[in-house]
Every structure is written in structure tokens, then in C-alpha cells.
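Student: The lines below spell out each chain.
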Amino acid sequence: MDPDDAKLVAALRAGDEDAFRRLVDEWHSMMLRVAQIFVPSRAVAEDVVQETWLRVLGALDRFEGRSSLRTWVFRILVNTAKTRAQREGRVIPFSALNDPGRVPEPAVDADRFLGPDDERYPGHWSSPPRHLPEEELLAAETRERIAAAIEELPATQRAVISLRDIAGWSAEEVRNALDLSEVNQRVLLHRARAKVRRALEEYLSPEDS
Amino acid sequence: MTVADVINCQELVELVTDYLEGALSPADLRRFEEHLATCGKCTEYLAQLQATIRVTGTLTPDDLTPEAETALLEVFRAFHRGTSSP
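From first to last, the protein sequence lines are chains H and Y.
In this text, residue positions in the first sequence follow numbering that gives the first Met the number 0: the first is 0, and each later residue adds one.
In this text, residue positions in the second sequence follow numbering that gives the first Met the number 0: the first is 0, and each later residue adds one.
I should point out that these hints are in silico values taken from the structure, not numbers from a laboratory.
Predicted model only: the values in this text are computed from it and were never measured.
Among the clues, some could well be false.
[Unchecked claim] Label pairs and their calculated CB-CB ranges:
no.	chain 1	residue 1	chain 2	residue 2	range
1	Y	Arg-53	H	Glu-171	17 to 25 Å
2	Y	Ala-70	H	Ala-13	20 to 28 Å
3	H	Asp-110	Y	Ala-22	21 to 29 Å
4	Y	Asp-62	H	Glu-134	22 to 30 Å
5	H	Val-102	Y	Thr-42	23 to 31 Å
6	Y	Pro-25	H	Asp-110	26 to 34 Å
7	Y	Arg-53	H	Asp-60	40 to 48 Å
8	Y	Asp-61	H	Glu-201	17 to 25 Å
[Unchecked claim] Derived contacts from chain Y toward chain H, CB cut-off under 7 Å, selection only:
no.	residue
9	Glu-20
10	Val-74
11	Phe-75
Note that beta-carbon positions come from the ideal geometry of N, C-alpha and C, so glycine has one too.
Construct the entire structure; sequences and hints are all you get.
Tutor: Quick look at the structure:
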């Protein structure tokens with residue numbers, strides 16, 4: 000077992016509230032986003048996270064360290080959320096996780112490229128990416144826009160981009176925690192990033208300007 | 000993903016994530032880079048996507064609400080009350 004994970008497990012078993020609070024602080028927002036893949040309501044998702052922690056605490060003795068503690072907790076979260084969704088009679092959007100490529104979703108609108116019938120440059124930009132002023136990229140308002148664009152994504156895309164690009168998880172850990180194939184993890188990330196880029200372009204460089 | 004020998008801009012934008020994730024086959028990687036070398040617009044697109052990732056990386060996860068923290072601490076305490084009794 001990873002030595003840091005071993006320390007955390009020992010602290011949690013000993014009832015160390017500070018250790019628990021630090022984990023909750025660090026993971027809660029991501030746990031909510033993952034729960035909301037299955038149960039969209041914020042209130043129910045909060046409930047699922049509580050139930051997850053109860054299960055985690057009860058199962059700590061069985062944590063063997065074959066994955067990181069974080070991955071293990073998120074897998075319990077996913078199972079808890081799925082069970083809860085079933086209990087509430089929700090149709091679990093398995094397809095969103097398992098088959099995101101079924102419905103095509105272009106990264107950039109087709110009308111920004113020359114059509115397939117164009118004699119010289121089919122599929123080349125007709126309306127190229129508009130310039131984004133570098134100095135405004137990190138402005139507070141830009142960052143708020145990006146946060147809002149992520150908020151508006153479908154729940155699976157939102158969870159994947161949040162884990163990868165906000166929390167900085169590796170592709171492999173996201174795949175393991177959410178039980179995603181390599182390809183599907185990439186498809187979800189690709190779509191999410193493309194939409195956020197589009198939002199950035201629309202905000203920093205509106206079409207009519 | 001297999002693509003024709005030469006890729007156009009519309010195809011390139013769909014390969015950007017595979018490119019950044021190191022998931023392109025050697026042949027696709029070559030086509031991707033050959034296209035980029037002569038296409039300023041796609042180079043700009045790639046730069047914008049990388050800028051997007053960079054800015055997203057500066058966001059902080061939403062703060063835990065005090066209510067949620069209290070509720071979770073209660074879960075933690077209740078669990079330990081339940082297991083620590085002799």
C-alpha cells in the first residue's frame with residue numbers, strides 16, 4: 000500500500016477528524032460531480048456522498064491498497080450513486096459512460112469549414128479560430144466564464160474534464176475510478192474541452208466584433 | 000482512428016485530444032504534424048485548446064459548504080461512536 004494512503008487509513012480508523020476534514024475538503028467537489036452523472040439533483044448527490052463515506056469507513060479494513068485510496072473511494076461512490084439511481088427509478092445513463100461516441104458531436108461546428116464539395120479546399124477552415132487576447136485569458140471574468148461553461152456540460156463530460164483538468168488526475172486514474180475505457184475517457188474529455196474552448200472564443204472574441 | 004493519407008482541418012480538430020494524450024498511431028501522428036506544419040489556422044486551434052486546458056487548470060474546486068461539512072463530520076463521528084463502544 001502507498002505509505003501516504005496507509006497513514007490516511009490509520010487516521011480515519013482512529014477517528015482523526017482533521018484528517019477526515021482534509022480529505023473531504025479536497026475531494027468533495029469532485030465527488031459531487033461524479034455522483035451527478037447518476038443522480039443529477041445536487042441534494043441527492045450530497046446524500047450519495049454521505050452514504051459513500053459511511054460505506055468507506057465501514058469497509059476500511061478491507062482496503063488492500065491495490066489501487067490508490069482515492070480511486071477506491073471514487074469507485075465506492077460510483078457504486079453508491081448507481082444503486083441510488085436505480086432505487087429512484089432513474090434510467091442510468093450507461094450509454095453516456097460506455098458509448099459516448101454513438102452520437103457524433105463535432106468539436107467545431109461543421110459550418111466553420113468549407114463543405115465536402117468545395118473544389119479546392121474541402122474540410123478546410125472557412126471561419127478560422129478567432130484570436131484570443133492572451134492578456135485576458137487569466138482574468139477573473141474569463142475564469143468565471145470557463146467555470147460556467149464547465150457547469151453547463153453534460154454530467155459525464157463535466158466530471159471527466161473536472162477530474163482531468165481541474166483536479167489534475169491522470170487519464171488512467173479517471174478511467175479506473177469511473178470504469179471507463181481508454182477511448183471513452185478521451186471522447187468525453189475531447190468533447191468537454193472543445194466546448195469550453197468554444198465558450199472561451201465566444202466570450203473573448205465574439206463573432207460580430 | 001485511421002485517417003486518409005492527408006488530413007484536412009476538420010479532421011485535425013477531432014484528433015487534437017488523441018494528439019495531446021499521446022494516443023495517435025505513428026502514421027496518424029505524422030499526418031497530424033505535417034498538416035500543422037503548413038496550417039497556421041490549425042496551429043492556432045491547437046494553441047487555443049492548450050490555453051483552455053491551462054485556464055481550466057487555474058480553477059479551484061468549489062468550496063465545501065459549511066452545511067455539507069457539518070453533515071459529513073456528523074457521519075464520521077456517528078460511525079466512530081458506533082464502533083468505539085466496548
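Student: If a hint holds in the structure, say so; if it doesn't, say that too.
Tutor: For each hint, the structure was consulted:
no.: 1; hint: Y:Arg-53 with H:Glu-171: 17 to 25 Å; in the structure: 22 Å, holds
no.: 2; hint: Y:Ala-70 with H:Ala-13: 20 to 28 Å; in the structure: 21 Å, holds
no.: 3; hint: H:Asp-110 with Y:Ala-22: 21 to 29 Å; in the structure: 28 Å, holds
no.: 4; hint: Y:Asp-62 with H:Glu-134: 22 to 30 Å; in the structure: 28 Å, holds
no.: 5; hint: H:Val-102 with Y:Thr-42: 23 to 31 Å; in the structure: 29 Å, holds
no.: 6; hint: Y:Pro-25 with H:Asp-110: 26 to 34 Å; in the structure: 33 Å, holds
no.: 7; hint: Y:Arg-53 with H:Asp-60: 40 to 48 Å; in the structure: 42 Å, holds
no.: 8; hint: Y:Asp-61 with H:Glu-201: 17 to 25 Å; in the structure: 23 Å, holds
no.: 9; hint: Glu-20; in the structure: 6 Å, holds
no.: 10; hint: Val-74; in the structure: 5 Å, holds
no.: 11; hint: Phe-75; in the structure: 5 Å, holds
Going through the hint list in order, the structure satisfies each hint without exception.
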